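Top line first, the protein sequences correspond to chains L and F. Going by my numbering, the first sequence opens with residue 333, and the numbers climb by one from there. Going by my numbering, the second sequence opens with residue 7, and the numbers climb by one from there.
Hints in this document: simulated from the structure, not taken from any laboratory. Predicted, not measured: the structure shown is a model, and the values here were computed from it. Keep in mind that the hints are not guaranteed to be accurate.
Taking lysine to aspartate or glutamate and the EDC-like style, the derived pairs with C-alpha atoms no more than 16 Å apart in a straight line are [unchecked claim]:
| hint | chain 1 | residue 1 | chain 2 | residue 2 |
| --- | --- | --- | --- | --- |
| 1 | L | K362 | L | D379 |
| 2 | F | K28 | L | D389 |
| 3 | L | K499 | F | D160 |
| 4 | F | K120 | F | D99 |
| 5 | L | K385 | F | D23 |
| 6 | F | K126 | L | E422 |
Listed below, chain by chain, are the residues.
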Amino acid sequence: MELSLLEGNIIGVVTTQIFSNPGYHNNKIKDIIGDKYADALKIVNLDFAYGEKLFMDLDASKQNKVRLAEQLNNKVIILEDFFKGMNNKEIIFYKNLLKKISSYHKKIILLSHHVNDFLNLVDRVYVIKDDTIVYQTADLKNEELYNYVSRPPIIEFVYLSRQKGIKLDYYTEFNDLLKAIYRLKA
Amino acid sequence: MNIEANQNYTIIADAIDQSILKKLNDYTIISHNMSLNDLEEMIYNYPSKTIVFNDILRQYEPNEKEHIIALLKERKVNFINLTSDMEEVLLTDYLIVFYQGEIAMEGQTLDVLKEEKILKRLGFALPFAIDMAKQLELYQVIDHSATNVAELVDLIWN
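Take these sequences, add in the hints, and give me the full structure.
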């Protein structure tokens, strides 16, 4: 499937594909990124000293950041399991960075096994199985989406509440949901 | 790091790098992603008592993770789950938190998760259900905590 043809600016693709590392193991980071590698590393919040390191010596999270740095000049940036190895603080930082990069007329395609990675980030989600699009939506709150993939905990919470007859809207922000629960219980 | 037999561990870290992996050198570390079938087959034929998952469980659905853990129990294989996914910390009773290559906290999982302020300062969020339960307790919407989404829903609306 030609992923670059998918519609959207920041696109989430839920796939059962098994991700594997690119064949960069013995390459130095500066050789993978090429010209102006120090600037590219700075943009993805890695010190320029990483330029001298081998790809295989980095943890998964830093490898993913290098993959982003490598593609910064591309019109279409494809990232596999990008948030692997990141803690919450980093996830928030890199979601904001991806939004900023996308604002420079770049299409970002994130491949993941879970919708949770896409919350408050993507403008369209595709579910791809066996190289075929089986579902697509612009709305992560769309219940139909979850016929194909598992619900993130925040969506699962509202779904189970609705099953009990509670009139609760879907939220993707923790604090918005907290306030809504509080209002209903008050 | 003191790893005891007959105990499953979750290790969360700001970076799962060589400094942590070296501490687990005595065990077989599974770092490459594989299909559920391949993992099942590996567990069936696994010769040792302890297996280390290097952030590979995140590729599976929640029900698949439960299946893997049930299979490990059946085969009497203990596991150490290195992960960056806070939702996975509830898969084991014991939690070790690494920060900048050193152990920052460890103990029974639910006890460690009570140290919300320290965890958040280190950059880790709480699992969704525990975090939401804590906030709702603070607002006196509920009077005790919950460890999973279904339990939390029952607690709030029943």
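We went through each hint and held it up to the structure:
1. K362/L with D379/L: Holds, at roughly 12 Å.
2. K28/F with D389/L: holds, 13 Å
3. K499/L with D160/F: holds, 15 Å
4. K120/F with D99/F: holds, 14 Å
5. K385/L with D23/F: holds, 14 Å
6. K126/F with E422/L: holds, 12 Å
In terms of the numbered hints stated before, the structure departs from none.
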